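Participant: Single-letter residue listing:
Number of protein chains: 2
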Amino acid sequence: MRPPLWIAAWALLLQGCAAGRAPQVPSTRDDIRDCSADPPYLPPTATNTTARLAVLRGIMRTHGIHAYIVPSTDAHMSEYISERDARLGWLTGFTGSAGTAVVTQDKAALWTDSRYWTQAERELDCNWELQRTTSIESVGMWILKAVPAEGNVSLDPFLFSIDTWNSYRRALHGSGRTLLPLETNLVDQAWGDQRPSPSSSEIYSLPAEFTGSSWQEKVAGIRQRMEQHVRRPTAVLLSGLEETAWLFNLRGDDIPYNPVFYSYTLLTDTTISLFVEESRLSAAARESLLSGCPGPLCVELREYGQVSAHLRRYAQGNVTVWLGTEYTTYGLYSIFPQEKLLEENYSPVMMVKAVKNAHEQEMMQAAHVRDAVAVIQYLLWLEKTVLQGQVDEFSGAQHIDALRWAQKYSRGPSFQSISASGLNAALAHYSPSNGSSRTLSAREMYLFDTGGQYLDGTTDITRTVHWGEPTPFQKEAYTRVLMGNIDLSRLVFPSNTAGRTVESFARRALWDAGLNYGHGTGHGIGNFLSVHEWPVGFQSNNVPLAAGMFTSIEPGYYQDGEFGIRIEDVALVVEAQTEHQSGESPFLTFEVVSLVPYDRNLIDLSLLSPEQIRYLNSYYERIRARVGPELRRQQLEEAYAWLQENTEPFPVSSAGTAAASTLALTSLLSVLLSGLGV
Amino acid sequence: MRPPLWIAAWALLLQGCAAGRAPQVPSTRDDIRDCSADPPYLPPTATNTTARLAVLRGIMRTHGIHAYIVPSTDAHMSEYISERDARLGWLTGFTGSAGTAVVTQDKAALWTDSRYWTQAERELDCNWELQRTTSIESVGMWILKAVPAEGNVSLDPFLFSIDTWNSYRRALHGSGRTLLPLETNLVDQAWGDQRPSPSSSEIYSLPAEFTGSSWQEKVAGIRQRMEQHVRRPTAVLLSGLEETAWLFNLRGDDIPYNPVFYSYTLLTDTTISLFVEESRLSAAARESLLSGCPGPLCVELREYGQVSAHLRRYAQGNVTVWLGTEYTTYGLYSIFPQEKLLEENYSPVMMVKAVKNAHEQEMMQAAHVRDAVAVIQYLLWLEKTVLQGQVDEFSGAQHIDALRWAQKYSRGPSFQSISASGLNAALAHYSPSNGSSRTLSAREMYLFDTGGQYLDGTTDITRTVHWGEPTPFQKEAYTRVLMGNIDLSRLVFPSNTAGRTVESFARRALWDAGLNYGHGTGHGIGNFLSVHEWPVGFQSNNVPLAAGMFTSIEPGYYQDGEFGIRIEDVALVVEAQTEHQSGESPFLTFEVVSLVPYDRNLIDLSLLSPEQIRYLNSYYERIRARVGPELRRQQLEEAYAWLQENTEPFPVSSAGTAAASTLALTSLLSVLLSGLGV
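Heads up: the sequence lines are chains A and B, in that order. Just so you know, the working numbering puts 8 at position 8 of the first sequence, and the rest follows in order with no gaps. Just so you know, the working numbering puts 632 at position 632 of the second sequence, and the rest follows in order with no gaps.
Quick caveat, the hints were computed from the structure, so don't treat them as lab data. Note that the structure is a prediction, hence the values are computed from the model and not measured. Backbone N, C-alpha and C define an ideal beta-carbon position, used for all residues, glycine too. Check before you lean on any hint, since a few could be wrong.
[Unchecked claim] Here are the computed distance ranges between Cβ atoms for each label pair:
| id | chain 1 | residue 1 | chain 2 | residue 2 | range |
| --- | --- | --- | --- | --- | --- |
| 1 | B | Glu621 | A | Arg231 | 55 to 63 angstroms |
| 2 | B | Glu150 | A | Gly221 | 34 to 42 angstroms |
| 3 | A | Asn541 | B | Glu137 | 20 to 28 angstroms |
| 4 | B | Gly64 | A | Gly64 | 28 to 36 angstroms |
Isolated chain A, as found in the complex (with noise of 0.2 angstroms):
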């Protein structure tokens, strides 16, 4: 699995649930391609790919490659991906996040998950074969039908992960067949000049008021951690976009909703390179790498096309290279003997940038107060808009944008909005369009997860609300849901312990009822950087829990055809306060930051426990706290006085067992008041 998919985690689950729903008859629908018919239906969604599997054909045979492997991210392993990048999308036509292509001289196809099975049908042309899973042995097992014994099967190795690689050569191992990984890219050669050019933007530096602290600290940091380390490392690379763009404070613009730039690190114990187009860098930007030169903190700046070269030479050295295996390609490990590697799951830079310091978590605070402002602005204005059908999924997308876009130091939304009415929110990657949307009603749940970049922080926060009626089940399963979150977020647990062994807690009330939700329970998050940064969060290749990780806390329940749910908000991990101790580290809890209030309207209160209800109330008293008197400063009393209803103390005597256990006591109160002619 490509590990910084965090949306992946869905397909686990949907792909179990779409699996009988996928089209097994000839469809009479005009939106999916039909290759049966004759001649071959296509809808006016698909792209003719004929011409450009041509030109991949030809270059394949120059080079003598039977099967050519295309995957979907690029060469930093990064989640979202430019437009140069979508190699995939250009070749197949299929613009889903994620898949893999293998086309050989006679035959192409294209597999993905779930999510995407209806958009390739749309898509794809009848060139393509649509595989219904993303597993690399059944891609493997298709290699092996469609390409001869002694076939050379090939791919490029900047775009693999080292594991992927690995998955391929065990599919084809003995088998006869060849994995070649071939240096230049035959995609890009087919793509030639309409191939969009690489990003021109500015690289500019964060003011030092926005960085945890000054790069040269920073690196100074790692270098520590080299001279620690029992292997002594002589080197870091760093391959992910997030680990330069932390390492340096510099961010740029050349990925959609994330703050980064193309670039590869390699951190000596007395050098620095930075592979990076220097023409980009602005003056400021410039200046703060090169304020060190000559010496151990000088920057040096080098192409960004020369990082191969330029390891392949640092590779001839008595040197120890120390990289992160999640983020770096094959291409660039292979250039390493493996006793000049030391290989871990994530770089110390990743391991680094996951425990944010005072100053860093200071700001992701103020940052969510500020988008909090954003969300109850937008909350307020749908009540009073909705009713009035004049909102739809994709309206409401643009109104929360803006009303970010308005908050000091935003930087837009941090991925593309999620706004999702009644049976569409039940769909996990769904994301409105301005040709197709569905109008927000008081007869349906209305589902957004959303977030913002701004200088400070990054935000998620995911809220879901009915303006009328729910049915009864809606409220028990939001009720549920609800609980999962409280019950994760108010968990105190030792340190060191690894988020998969405790997410569980965010799924119980959802068990107790025969419910559950197919995705992860969390990622972390980044100070203005990737909304889904690892290595933080709930999942099996996620580092255990320490103070100061920020991770989302996000459950669910999706009603197929009906209705989706997701109350998610962002938490950092702090010590407890516990009455006794085990061990030497204090126990650790979480600190909720995301401050909006649920909605009132599909909360059970007599399902919650007191302590549920008690918890709920300290939060919603830490929301007035600190939200309240930003509404007040930008002068948004009508905001204000929603938030103030909206976090109105619930009765904790309304809990479920406290219902149940009072009942004697009440049966006798009411004896004697009748005896009492009360």
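Fit chain B to the given chain A structure using the hints.
Facilitator: For chain B alone, coordinates are given in the frame of chain A:
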């Protein structure tokens, strides 16, 4: 990590805790060695290993070996081993269950975990360095220092798992030293005729009433799995002793507490080879195995020692051998070229055996009813005798063992009874001996962790009791352990949930107060087989939970130097009744089959939620319904009365949360009553 070592989970905790307490200064104690004294001091418990080391080193020289690695396990990766396989113990004098020795021409070192550091200092002589860690990396670093470049490092490949072999290979990789597998065991050569003979006791067939299905049905089931597997394996290789015992419904007693016998099985699509000492088979066993001869259900009996030779011949063919890597040694594994192997963590026999069928479930439950009788008799006996000061840990253990032997179908204890009073209970591996045994008293808590082998099932239960006045902290800790046991036992979860993702429910009540325990939360258990039966349980290398599996649930709390608490029950995974159902499979939950009430003297009811009390009460109802009639049948009227008394329902209104929420009503009531002059 050697997976079958359940107890190894303890080591992680204890290593951390005890690290600061390792003797750092010359000791004045006379129970441990002092090699820095002149002359060196050895306690009487130490073994003089000079002669045996000299013999081994001579043999090493004739083989050109510079370092020889000796592990603690046997050729079947067994958790318990026979005397004949106690090579580490013979060579070093150290009798702990886990460790690794390395011998060079002039050095010898033993690695073991913190449970055994004191014991090692008592048993080793000054030929041996004690290394206070168990990581293979540290063994490797020691070897790199002790062995010249170009040197040969050797081991017996039939005593190392594939994983461990690979770890040693990695540790020495690129260092110039060769890791040399030597099929002849050098310790055995040195041991010579002093080495205990192989067991000659009878291997017998289980009567049909004690098996879940005939061995022919089991073989057919495994062959069906072979046919259905996409890789179409031609054979399954079984190395784990439980695997062969289970498959053929055979039992033996080669290993203490474990009714198994030395054997291997190669089950092919057309033949069955059982490698075993043929003369030891009972007449009935022999007849059963040969009843299908000739034919695909004929068991060919082959010499135990011929397994490698036979596999080498089999490997010549066009074959694919399916094996579980957790129970296969590198020696057998390396016989097959990679492409002829189908490797999974556990063999299909382990996977099938893990899910008990209806008859096996019934047998297991019946065994637990009789086992509960013995444990209840023991608790009653303790109540009557402890206060007289006449019971110590050792005599207590003897008494419960005797009570179990008196039950129908008993075959003795399923492991060495843990019987620990006061501070001894904080030591995870404590078992009393006749010489040093603490007297039980009303001033201390007492923990006993015991189990029985019965022809129809295996049991494992821990209860902790106090006959006097527990401290408030002891009561709180006990109650929180109980709450954890309850919370995990009553959890409802989706099918296919991995145990490691839910075991925290057994910890949360402790975590809330800053407490924790350092061992695993539970392990699978067999039907008249191993008390620690993999792959079921809550650890990271356990398989997902499925209906029909049995696992222990055993949270604890250990206050170093003061007391220890553990509450362990065996539970069956069953389908849950839920209001709704996400997904295609019913949700699951546990049904506790251990049927002994908890110590009321240690429960602080005000900490429990009403749900927890209701759960306890329904569990106690089940105990009464199942064990009550058996006590009467056995005419144990006093025990019957004890059971009734100790399973009285708890008042739900005592629950902590209820108390809090009824406060307001109670106040109101008292005002009213006082107004009435009542």
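Participant: Can you let me know if the beta-carbon spacing of Asn541 (chain A) and Glu137 (chain B) is within 20 to 28 angstroms?
Facilitator: Distance hint for Asn541 (chain A), Glu137 (chain B) holds at roughly 22 angstroms.
Participant: Holds or violated: the 28 to 36 angstroms window for the beta-carbon distance between Gly64 (chain B) and Gly64 (chain A)?
Facilitator: Given a distance of about 48 angstroms, which is not inside 28 to 36 angstroms, the answer is violated.
Participant: Holds or violated: the 55 to 63 angstroms window for the beta-carbon distance between Glu621 (chain B) and Arg231 (chain A)?
Facilitator: Since the Cβ atoms of Glu621 (chain B) and Arg231 (chain A) sit about 60 angstroms apart, the hinted range of 55 to 63 angstroms holds.
Participant: Does the Cβ distance between Glu150 (chain B) and Gly221 (chain A) fall inside 34 to 42 angstroms?
Facilitator: 40 angstroms, holds
The structure fails hint 4 only (numbered hints given earlier).
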